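Please arrange chain E on chain L, whose structure you already have, making use of the hints.
Chain by chain, the residues:
Protein chains: 2
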Amino acid sequence: MNIILLSGGSGKRLWPLSNDVRSKQFIPIFETEAGNYESMVQRVYRQIRKADPDAEVTIATARSQVSAICHQLGGEVSISVEPCRRDTFPAISLTAAYLKDVRGISEEEAVLICPVDPYVEMDYFEALKKMEKQVYKNEANLVLLGIEPAYPSEKYGYIIPENAKDISLVSRFQEKPDKKRAEKYIREGALWNGGVFACRLGYLLKRAHQFMEFTDYQELFDKYSMLERISFDYRVVEQESRIQVMRFSGRWKDLGTWNTLTEAMDKSCIGDARMNEECENVHIINELDIPILAMGLQGVVISASPQGVLVSDKEQSSYIKPFVDGIDRQTMFAEKSWGSYRVLNVGENSLTIKVTLNPGHRMNYHSHKNRNEVWVAISGKGRTVVDGMEQVICPGDVVTMEAGCRHTVIADRNLQLQLVEIQLGKEISVHDKQKYSMEY
Amino acid sequence: MNIILLSGGSGKRLWPLSNDVRSKQFIPIFETEAGNYESMVQRVYRQIRKADPDAEVTIATARSQVSAICHQLGGEVSISVEPCRRDTFPAISLTAAYLKDVRGISEEEAVLICPVDPYVEMDYFEALKKMEKQVYKNEANLVLLGIEPAYPSEKYGYIIPENAKDISLVSRFQEKPDKKRAEKYIREGALWNGGVFACRLGYLLKRAHQFMEFTDYQELFDKYSMLERISFDYRVVEQESRIQVMRFSGRWKDLGTWNTLTEAMDKSCIGDARMNEECENVHIINELDIPILAMGLQGVVISASPQGVLVSDKEQSSYIKPFVDGIDRQTMFAEKSWGSYRVLNVGENSLTIKVTLNPGHRMNYHSHKNRNEVWVAISGKGRTVVDGMEQVICPGDVVTMEAGCRHTVIADRNLQLQLVEIQLGKEISVHDKQKYSMEY
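Here the protein sequences line up with chains L and E, keeping their order. Our numbering numbers the first residue of the first sequence as 1 and each following residue consecutively. Our numbering numbers the first residue of the second sequence as 441 and each following residue consecutively.
Honestly, the hints are just simulated from the structure, not real lab data. Please read these numbers as outputs of a predicted model, since none were measured by experiment. Idealized CB from N, CA, C, for every residue including glycine. It cannot be assumed that every hint is accurate.
[Said to hold, decoys possible] With a cut-off of at most 30 Å between alpha-carbon atoms, the simulated DSS-like pairs for lysine-lysine come out as follows:
no., chain 1, residue 1, chain 2, residue 2
1, E, K821, L, K433
2, L, K321, E, K707
3, E, K821, L, K354
4, E, K794, L, K426
[Stated by the list, open to error] Restraint-style ranges between C-beta atoms, simulated for each label pair:
no., chain 1, residue 1, chain 2, residue 2, range
5, L, D289, E, E628, 51 to 59 Å
6, E, N810, L, A34, 35 to 43 Å
7, E, E720, L, V392, 55 to 63 Å
8, E, K809, L, S78, 50 to 58 Å
9, L, E263, E, A704, 33 to 41 Å
10, L, D289, E, Q874, 47 to 55 Å
11, E, E788, L, Q391, 20 to 28 Å
[What the hints assert, rightly or not] Anything over 10 Å on all C-beta distances counts as not near chain L; from chain E, calculated:
no., residue
12, I732
13, K821
14, T840
Same shape as in the complex, but just chain L (with noise of 0.2 Å):
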């Protein structure tokens, strides 16, 4: 099985656990088996390499959540990386032309493009298989998923299929649509688009083709800024005549504001949390290090991270987005690909932050033009490297790094590393980094 994820979203809507460079499915929410916590992404892909050890999986994203994919599920996932933001018919037409240029993946083979974030059970991922099977039938160019709606949502779109069979011709399509008509559609015997796609490669690819002049993979990356941004649903879903679609009456939830996520949850706490007897229906995700009480609260979420703290009844938690915009977006913690970082503390010419390096991985070596920093370890073993000068770093060792000078700190093979790292400097900006290429 050949599956695309695409990974996109803002965080605004589950602020303050979201932010610039982490959206929702990266949030560690849902309690596995083992206790700890598992995010949307790592669910999916976990379900999916249950369904299917061998599966050939896809992720389809922006940089900036690069770093997120490899921190969560391992440097072993191929990604498809969008130089920048060109909504999905771009971005599927790129991921296409990897898997076939990058990957080697024959064009007779079948692909299915899904999002990374629903909340879905094994259930799906076996109607996935039968839509790959679909596929190979060649009964359409196109087969997609149709979610038997649970209520009249105002939120997806519809599909208006040509009879009551598990598979069918697909009638027509419905955009978004008010309460009245989504009752109407719903009578209809219409179904939730699921943004789920299976085709063969050779169709992403005639479609690109089709509407976009390049060679290859590399030349279309080279000239993604420039594409159109156009919807897959758009540009080729609605032309399609050759269309199916398959019928999914299992559990599936879109995760996408606090009311609903918490609804996904197995306790009612994650984190420090506790609250009084008075509490029903109260929710609390604590990703701070600090503890949260609630007294004689009903039906509101509270979540904190380093970013900020909500209290929120969860009705209104869907509401939160314009009062987010108007909080500073300065990006509080970050998953890297070599481990994690956040702000312990925002000085008007200072910046101290928390570095965990992950066992044997290391920073890129760079430097900054406008600040000096310090380095102080307070747990694990690491060497650093100092414009080219190799060093042994134990807890309590201390490297100072003047603004230019060249730096990385790499981890012991088997000991994760802790720094407090303190910048200096009156123009401090996550955007001043020269990163250099390096043999140590």
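Frame of chain L; chain E shown alone:
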């Protein structure tokens, strides 16, 4: 006017803004005309100075509060330090001895003893002045302040006066009653016991010598831990037959819970906090440096500090004590005589804190047995002394201190100095501190 302010109390009811070293009277919560925030201690002290610029104010308190008092009121205020907690009779006796032996006040002078934390207006201090005059009339040994009850409270003791005049002899006292009895007392003309006593200094010393053997202040101080725990009310007030009560009908509030405290707030938000229009009767006090957003809440208080986050229905907020007992009590922030500190990160064998030294202030010259330390200056200017060696410290400068090494830091006369201090060791404790005299 000689005033003894009794400053006691633990911080549990107003967690997380109070902690083991910050009692509720030190929380900056009342907006001043200048737009800053002052604490109950600062407010009462300012009001006393306004009522009587020449007032001799002495604060009777525990050692643990001395730093906060110096930080909030400046070094000028006179403090009588209790070596340990021994209830109000020993505390008042010790302070009386302090006034006579250390401050040289005559036994003939009147003394007013008040709690440090009533929420009152200027008329309260006019009442104190009248009490002082009443003492000099020699109609009684002791004059009390009786607050006209606003409702049949179960939280206060009651004073039953002989008549309804402004000043009356006391008929009897009643301990905290249930509501029904409180109603009965009020029908009989009872007043709340405001915990304010006025008498001559000599009277306090006479009673002290009657029950405790000592010659002077120093002797009482030295044997303080051996004294019986007993309140001034039990030991003195309720035994006194020549006792009057002065009626007070002005504003008098005991701001002991979040519910009552927020009633006294001028604005609904302090700190980086915002709420949508659907919020009603919501108060946010945010001492964290990350934003808090409230959506669609009713009758809720949110308070946050480096100690933790409380989100409570206002009525329920008076029941937090047992929950706070269950929360780890490591002190995460504190005011010191020289400035303040706040914990940024708690590691397994490290502690990272931000230290702020006020202009011209210095730490004690000290060492630690079980930890190394690193200072990195992040703003301001100052000097460090490490094992006798003095050095200027500016932003970016790093000072490393091995366990056992003696050290201090002194802020420039005109500039606040901020440091990140990283403590490293297996047994990090605030008690691991050896102080030295210092001639720098």
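Kindly indicate which numbered hints from before are broken by the structure, ordering the numbers from low to high. Failing hints, ascending: 10, 12, 14.
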